[in-house]
Amino acid sequence: MDIKDELAGLFRDAIREKIPEASDIEITFERPRDPSHGDLATNIAMQIAKRLKRKPREVAELFRGIGGARIESLEIAGPGFINLRLKQSAKTGVIPEVLAAGAKFGHKRVAAPEKIQVEFVSANPTGPLHVGHGRQAALGDAIAALLESQGHAVTREFYYNDAGAQIEALARSVQARARGIGPGEPGWPQDGYAGEYIEEIAKEIANADDLEAVRQHAVAFLRKEQDEDLKAFGVKFDVYYLESSLYSEGKVEETVKGLVASGKTYEKDGALWLRTTDYGDDKDRVVRKSDGSYTYFLPDVAYHVTKWRRGFRKVIDVQGTDHHSTVTRVRAGLQALALGIPKGYPDYVLHSLVKVVRGGAEVKISKRAGSYVTVRDLIEWVGRDAVRFFLVSRKADSEFTFDVDLARKQTDENPVYYVQYAHARVCSVFAQSGTSAASLSGVNLDPLKGEKELALAQRLADFPEALAGAAHELAPHALAFYLRELAAEFHSYYNAERILVEDEAVRVARLALCAAVRQTLANGLALLGVGAPEKM
RNA sequence: GCGCCCGUAGCUCAGCGGAUCAGAGUAUUGGCCUCCGAAGCCAAGGGUCGUGGGUUCGAAUCCCGCCGGGCGCGCCA
0 MDIKDELAGL FRDAIREKIP EASDIEITFE RPRDPSHGDL ATNIAMQIAK RLKRKPREVA
60 ELFRGIGGAR IESLEIAGPG FINLRLKQSA KTGVIPEVLA AGAKFGHKRV AAPEKIQVEF
120 VSANPTGPLH VGHGRQAALG DAIAALLESQ GHAVTREFYY NDAGAQIEAL ARSVQARARG
180 IGPGEPGWPQ DGYAGEYIEE IAKEIANADD LEAVRQHAVA FLRKEQDEDL KAFGVKFDVY
240 YLESSLYSEG KVEETVKGLV ASGKTYEKDG ALWLRTTDYG DDKDRVVRKS DGSYTYFLPD
300 VAYHVTKWRR GFRKVIDVQG TDHHSTVTRV RAGLQALALG IPKGYPDYVL HSLVKVVRGG
360 AEVKISKRAG SYVTVRDLIE WVGRDAVRFF LVSRKADSEF TFDVDLARKQ TDENPVYYVQ
420 YAHARVCSVF AQSGTSAASL SGVNLDPLKG EKELALAQRL ADFPEALAGA AHELAPHALA
480 FYLRELAAEF HSYYNAERIL VEDEAVRVAR LALCAAVRQT LANGLALLGV GAPEKM
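Residue numbers (numbering that gives the first Met the number 0): 0 to 535.
Hints may be right or wrong, so weigh each one.
[To be verified] Okay, derived cross-link-like pairs now, BS3-like style, lysine-lysine, Cα gap no bigger than 30 Å in a straight line:
#1 K230 with K451
#2 K342 with K363
#3 K282 with K114
#4 K235 with K107
#5 K354 with K235
#6 K202 with K223
#7 K313 with K202
#8 K451 with K103
#9 K202 with K363
#10 K256 with K114
#11 K202 with K256
#12 K288 with K250
#13 K86 with K230
#14 K313 with K366
#15 K394 with K114
#16 K235 with K256
#17 K366 with K202
#18 K354 with K86
#19 K3 with K114
#20 K230 with K103
#21 K288 with K267
#22 K3 with K54
Hint data in this document are derived by calculation from the structure and do not stem from the laboratory.
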């Protein structure tokens, strides 16, 4: 069992006995940065003191007697912190746990898995994927993996807007190209797409007069291309949901009827409006335009109804912050339908856009897409692993600058390499040891006495909690930070201590520690969609 | 103008249900390869956490104002 859970149990018992009025308080431990503060510390005495208006140190004294097989000593410090020192065996206990659990270390199994959907990328098939889609792909896939690690049943979904005005513009652009008309020339469509890929598609068009055939071909071409990009990025979707199916299956109509029946709509200027202001929106929204067609808002609501009806009680939409106004709107639409959907449904993870810098200047164009940098450009410049790790190592809502030169310079030294290098180093040690990880399962770990190796073991013990926290917060960057710390701890140990020493007992114990490190690094990197190479 | 988000070391960013949070990487400087990978390690310098108030015994963290930046504010998606 996890050491922190075990300790929390001890404290909970003590609270029940001595301060029952605070029984419901949450007990947390953190690892102090300053080693003189022990191995683990808790501030519950201060929490309780605040609530009960007692003196923190006085409350802390009540926990003096806590002991047991895992605790070496307990100190009360500062304003009322309780600092704990653990016994050596408690620190190394995680090693056999990791070796036994293998790829499942840190993962949880739950009795009743939640059915969760993560929707991400959802790019219109009007051009190659851009950097923003890349950030979404990296984030969404990692969030899905994190939730899976906590035992949930996750579906990765891509919503395909194959029915809107943008597709029309795409078809007309290709048609114009096929007729030899270039961007800006007479006959070029309004809001046309100017990228080089339009010409590529146009070359394959036999009869430019058949606009429907042009449209179908263009969409198929770009879908295939996007699929290839996603594959190169290591992202797979379980479901591609087509916007057009919402129309063909009558779901859009059904949603309109539902909204009208709710009494929350009204006619004005020949259009149908929904009173979204009743649900916190700053203005009412048009549902059906005066020309009889629907705004994108309506299929969006219809789409989310299908999510609910398909049994997803938790849904996470990953989008750019430029879509943040849809959050209130979609939720309002769902509320107006009064289907029993909770107010905060669905959840959103909104990310800021990415600025790409190269040679000290912002890169705004790519040869292929014309007006933006593509996912493929990034992969070509710095490699898939670096792109994925980099895009996920900042919290989603912070704007950030992707410095291509920095990433390249480091790869020869790039952001992931530090973590991957740690993994490769352990593998290398193993290759030279002639020992298999499997033979280390029952090894005596008492020889692990050094400060660095015990610190490393404790870092491993933090993994399940780091993972659970990152999953709960939908924050892959927290996992990326953890992995960096684990790698740092390992590099430090590696440089300070020789692993393959003469003494058989010591060598084997150290190898067991290394095997656990390797496993944990591999598990963490896998969740972020980043490779864990044995050599590099 | 209104709404949401952001402002932490030269640079890129963590920390933000208050205390043991002044941090990481990178850059700069100085050390470390006869020995498991130096894509590494050890050490140093560098920040009144945008700013002014407030709450608190205690604020980077919570509240309010202001300044600066991003995004949105369409019968576009």
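Evaluated hints:
At roughly 40 Å between alpha-carbon atoms, K230 and K451 are farther apart than 30 Å, so this suggested pair is violated. A threshold of 30 Å between alpha carbons decides the hint, and for K342 with K363 the separation of about 39 Å lies outside it, so the pair is violated. For the hint linking K282 to K114, the alpha-carbon distance of about 34 Å lies beyond 30 Å, and the restraint is violated. The straight-line distance between the Cα atoms of K235 and K107 is roughly 22 Å, inside the 30 Å bound, and the hint therefore holds.
Distance check on the hinted pair: K354 and K235 sit about 25 Å apart at the alpha-carbon level, within 30 Å; holds. Only pairs whose Cα atoms come within 30 Å are accepted, and K202 paired with K223 is accepted, the gap being roughly 16 Å. Taking the CA atoms of K313 and K202, the gap is near 44 Å; set against the 30 Å cutoff, the hint is violated. The straight-line distance between the Cα atoms of K451 and K103 is roughly 25 Å, inside the 30 Å bound, and the hint therefore holds.
For the hint pairing K202 with K363, the CA-to-CA distance comes to about 26 Å; that is within 30 Å, so the pair holds. Taking the CA atoms of K256 and K114, the gap is about 28 Å. The hint holds against a cut of 30 Å. As the CA atoms of K202 and K256 are separated by approximately 44 Å, the hinted pair breaks the 30 Å bound. Restraint check for K288 and K250: the C-alpha separation of about 18 Å stays at or below 30 Å, so the hint holds.
Restraint check for K86 and K230: the C-alpha separation of about 48 Å exceeds 30 Å, so the hint is violated. Note on K313 and K366: the hinted pairing is violated, with a Cα-Cα distance of about 40 Å set against a maximum of 30 Å. Between the alpha carbons of K394 and K114 the distance comes to roughly 25 Å, so the proposed pair stays at or under 30 Å and holds. Restraint check for K235 and K256: not satisfied, since their Cα atoms lie roughly 35 Å apart, outside the 30 Å limit.
Straight-line distance between C-alpha atoms of K366 and K202 comes to about 18 Å, which keeps the hinted pair within the 30 Å bound. About 49 Å separates the Cα atoms of K354 and K86, which puts this hinted pair outside 30 Å; it is violated. Annotation: proposed proximity of K3 to K114 holds, straight-line Cα distance about 29 Å (limit 30 Å). With a C-alpha separation of about 25 Å, the suggested pairing of K230 with K103 holds against the 30 Å cut-off.
A C-alpha spacing of about 10 Å is found between K288 and K267, which places the hinted pair at or below 30 Å, so the restraint holds. The straight-line distance between the Cα atoms of K3 and K54 is roughly 25 Å, inside the 30 Å bound, and the hint therefore holds.
Comparing the model with each earlier hint shows violations of hints 1, 2, 3, 7, 11, 13, 14, 16, 18; every other hint is respected.
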